[in-house]
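Enquirer: Below, each chain spelled out in residue letters.
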Amino acid sequence: MIQATVHFLPDDLRVSVRPGCTIAQAAQEAQIFLSLPCGGRGACGRCTVLVDGQPVSACVTPVTDNMTVTVPDTVRLAGQAVLTDIRSYDVTKNRAPRVRQVRLSMEAPTLDDSINDASRVTMALARQLDIRQESLRIEPAALVTLPRSLRDGDFNITANVFYESDRVTVLSFSERPIYGIAIDIGTTTVVTALCDLSTGLVLDTVGQSNPQAEYGADVISRVVYTEEHEGGAKELQDMITGALRESIVNLTERAGIMGSDILVAVVAGNTVMTHFFLNLPTDYLRREPYVPVACEFPPILPGELNLPMLPHGRVVILPAVSSYVGGDITAGVIALDLSSRPGLNLFVDVGTNGEMVLAGTGFMMACSCSAGPAFEGSGISHGSRAVRGAIDNVTCDNGQITYDVIGGPGAEAKSLCGSGLISLLSALLQKGVIDRSGRFTTEEKEFFIAPGVSMTQDDVFNLIRAKAAIYAGMRVLVKNMDMKLSGIDNIFVSGGFGRSLNIGGATNIGMLPPLPMSSFSYEGNTSLAGALRVLNDRTITPEATSGAIVNLELSVGNQFMEEFTMASFLPHTELDFFGGV
Amino acid sequence: MPYLTEKSSGSISTVVLGATKENGGTRGYTLTIGGQNSLPFQNYEGVDPHRAVIAAEILDIEPVSWPDELKKAWGGVLGDPAAWAKKAVEGGADMVYIKLLSADPDNGGRSANDCAETVRAVLEAVPCPVAVQGCGVDEIDKGVISKVAEAFAGENLLLGLAGQENYATVTAACMVHKHTLISSSPLDINICKQINILISEMNMPMNRVVIDPSIGGLGYGLEYSYSVMERGRIGSLQGDKMLAMPVIGFIGSEAWKAKEAQAHESDFPKWGSEAERGVLWETITATSLLQAGIDILVMRHPDAINIVKAQIEALSQPVTAA
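Line order of the protein sequences matches chains A and B.
Just so we're aligned: 222 in our numbering is position 221 of the first sequence, and the numbers increase by one with no gaps anywhere.
Just so we're aligned: 33 in our numbering is position 31 of the second sequence, and the numbers increase by one with no gaps anywhere.
Only chain A is shown next, with the shape it has when bound in the complex (with noise of 0.2 Å):
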């Protein structure tokens, strides 16, 4: 078959392709990741790379032999900033380790007591962990190497237990120390968190992007391209698998440890990313009534998923609430403690999306609304996440506009993160350049707080329109319930939009309403912390968290859309609840 050798710059990479694929997907041959945030159909002209000096289209120009292309750092995915920004979890929390390691002293076996060598294993556990020996068994492949090893240690032998929501499980036999790893898959970004299981501290995290973002920014893309390609849930579901093994080696590299010392993984992710780990159809999630697979998954052998862990440990899956209230949003609710916590309280997680849980006594009430990813930088002309050059911050201080870059002040402003964006458009609506309804008052309709980067009239109107959705969502929670949002005691925060979240501008353009500061508290990724919780603490069980929670569809009925045109506005059209004109 004749090939097609693409030649990138400046990477100076060499790929051999089939000719007619695209440059996009030759790209990804050579391991340069391109950010498609259209889906790959041709429609955005953010993945332009230059073919012999002309700007064309990656995700749909093919390639030609002897094609030279220069691949601009604006358009690749790595180098994104992740939310590894733990500080919802606590470790003090966790009560009774989910996996413990349990040290047996046995009688040799003799011919009067020739039991066999895993009832021996059980019988000496059940006595230790005072727990019937019926609700334990052994992992298949811990028995291979059973007998062995308990000869060697004289019938003194370690035992890595693992509680499952019915039984203990005994996953392997070894002193060495066990370690546990925490995966928060989002739709942009996958954190995974390095944890020793017999302290529950965590010792390193890694972030990176989600390869799947090279087939659209947003999960519909996703799910539309598995619909139109054969074999492309498989092949989403390799990219996370992949993206995975890649992080798991960097940790176990950086610690030190063998692949195997990990036992246990937990994962928290969307009900679509959740879908696609598992290879699930998502075609009826995205359409009217949006019905997910499953919500509650059983926990998976890592070998099935290749990954680079003990092949027969498990992989624990936080369950979803709805097709838009996934486990992610579990997660979040289980490391604020949400359902027990006295009070009203609003949990808000903004990532590519906006979700939220209402929580009070004896009820929790959730809601998914499509906020967009405008605060993670998406679809923003200079947005970007939290990375070196960031603006993140902005004041107006009598009319003069000062900020912070990400980097210190070595560091050259080149775009503006989710919290240099709030602050940014409450200081334009404080200074006047924009009024209420977002327009620019100025002739030149576009503002640049630093050379090159800008706010533009569409990027104010998108932002409006995010922290419109996510006001609009609140209301209708709290309304729903009968409640007021003054009545709410404390709002937590969480998503990637910066070091951290500017909550004044944030109450001044209305994306929360006017309470208290002491009432909010940003909680960085609460969806790490959760699986972290999870992953350390056997008391938790997410399936009763996460059926506990009452999911509210925004799309029935015209109560969002509503609140939506009153929340599009500057800070909102009750501007007496804001603190009068």
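Hints in this document: simulated from the structure, not taken from any laboratory.
All of these numbers come straight from a predicted model, not from anything done at the bench.
A few of these clues could be false.
[What the hints assert, rightly or not] Subject to a maximum C-alpha distance of 30 Å in a straight line, what follows is the list of computed DSBU-like cross-link-like pairs (lysine-lysine): (1) B:Lys259 - B:Lys73; (2) B:Lys180 - A:Lys432; (3) B:Lys149 - A:Lys446; (4) B:Lys243 - B:Lys9; (5) B:Lys180 - B:Lys149; (6) B:Lys311 - B:Lys272; (7) B:Lys243 - A:Lys485; (8) B:Lys9 - A:Lys480; (9) B:Lys261 - B:Lys272; (10) B:Lys9 - A:Lys485; (11) A:Lys446 - B:Lys144.
[Claimed, not checked] Computed list of chain A residues with no C-beta within reach of chain B, every gap over 12 Å: (12) Ser199; (13) Arg246; (14) Phe364; (15) Phe449; (16) Ala451; (17) Ser556; (18) Ala568; (19) Thr574.
[Said to hold, decoys possible] Covered by chain A, per the in silico footprint, the following chain B stretches (three or more residues, Cβ under 8 Å): (20) 198-211; (21) 281-287.
Here a beta-carbon is modelled for each residue, glycine too, at the ideal position from N, C-alpha and C.
Assemble the complex: chain A is given as a structure, and chain B must be docked to it using the hints.
Expert: Below, chain B without anything else, positioned relative to chain A:
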């Protein structure tokens, strides 16, 4: 048993249209609208001090596409805005509402100066307050409305339409040259409120603002318009100051859009005489919205104007409790 009445905490602002010589204008009389603190015609619950007024719609280009019945009713004045206005006021309209459609490039694209001359001719022909709106193309209307506002400073014209995109220009023109403005929104009470907030933040006195919440004619969204208007009115009476302005509605243009208002009897024999049908269509659209609280009815047919005027008169008679 005591008669239960509803008491409101808010009231609608009182708006004066037009200005006489003492106040810097040339009008023979002014009209006052608004001021209610009760729902329409419920004057036993509060005050409903000023009755709704009717403005005859005048176009500055001959409305060749209008239904025959409408054209017939006006006789030969349709090509002459001043004569048309005069006939309308003599026929019973409280005021006139001029649409400067000729500024639209598709309608000849007359200059702002020429448009102002049309307004001058109408002002000279009638003693009543006058409302003026542009052609609906934002970019052009900015120039036209600014010109008209400047040329007739002090007349307290009712100028429009100030929407989301052009409110700043129209508001500035009205503030500087002392006119009243129409704040216009597309059948959405929230956007209506948002525009009013934007206008008030420019320091426009809110007793010089009239709301156009947009309407649909009978059979074409009247119920929805009714509910938007009613919601606005109830909200204002409950204290929402950013909705508490008198309301204007374009009854004539919406009612006469309906096929049922225009169709010839020969095509639809069961529908009855078109001479009566169109007038009734407009009348019913108008009287329905009166119940929702409309304050200025912009109408087309002289007969409909008179029927509705008589209705307003009758409904405005004091009602005594039980």
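Enquirer: Quick check: the stretch 198-211 of chain B, covered by chain A? Criterion 3+ residues, Cβ under 8 Å.
Expert: Coverage by chain A holds here, the residue count being 4 at a Cβ distance below 8 Å.
Enquirer: Non-interface claim for Ser556 (chain A): all C-beta distances to chain B beyond 12 Å?
Expert: holds (19 Å)
Enquirer: Are all beta-carbon distances from Phe449 (chain A) to chain B longer than 12 Å?
Expert: holds (22 Å)
Enquirer: Is Lys180 (chain B) close enough to Lys432 (chain A), meaning Cα to Cα at most 30 Å?
Expert: holds (28 Å)
Enquirer: Between the alpha carbons of Lys259 (chain B) and Lys73 (chain B), is the straight-line distance 30 Å or under?
Expert: Within the cut-off at roughly 14 Å; holds.
Enquirer: Between the alpha carbons of Lys261 (chain B) and Lys272 (chain B), is the straight-line distance 30 Å or under?
Expert: Holds, because 14 Å separates the two Cα atoms, which is no more than 30 Å.
Enquirer: Far enough from chain B: is every CB of that chain over 12 Å from the CB of Phe364 (chain A)?
Expert: holds (29 Å)
Enquirer: Compare the distance between the alpha carbons of Lys180 (chain B) and Lys149 (chain B) with 30 Å, and conclude whether the hinted pair is satisfied.
Expert: holds (13 Å)
Enquirer: Take the C-alpha atoms of Lys9 (chain B) and Lys485 (chain A), compute the straight-line distance between them, and say whether it is at most 30 Å.
Expert: holds (25 Å)
Enquirer: Does the no-contact call for Arg246 (chain A) survive, Cβ to all of chain B over 12 Å?
Expert: Per Cβ check, Arg246 (chain A) is outside 12 Å of chain B; nearest 50 Å; holds.
Enquirer: Tell me if chain A covers the stretch 281-287 of chain B under the three-residue, 8 Å CB rule, please?
Expert: With 0 residues close enough to chain A, the hint is violated.
Enquirer: Run the C-beta distances from Ser199 (chain A) to all of chain B and say if the shortest one exceeds 12 Å.
Expert: holds (57 Å)
In summary, the numbered hints that this structure violates are 18, 19 and 21.
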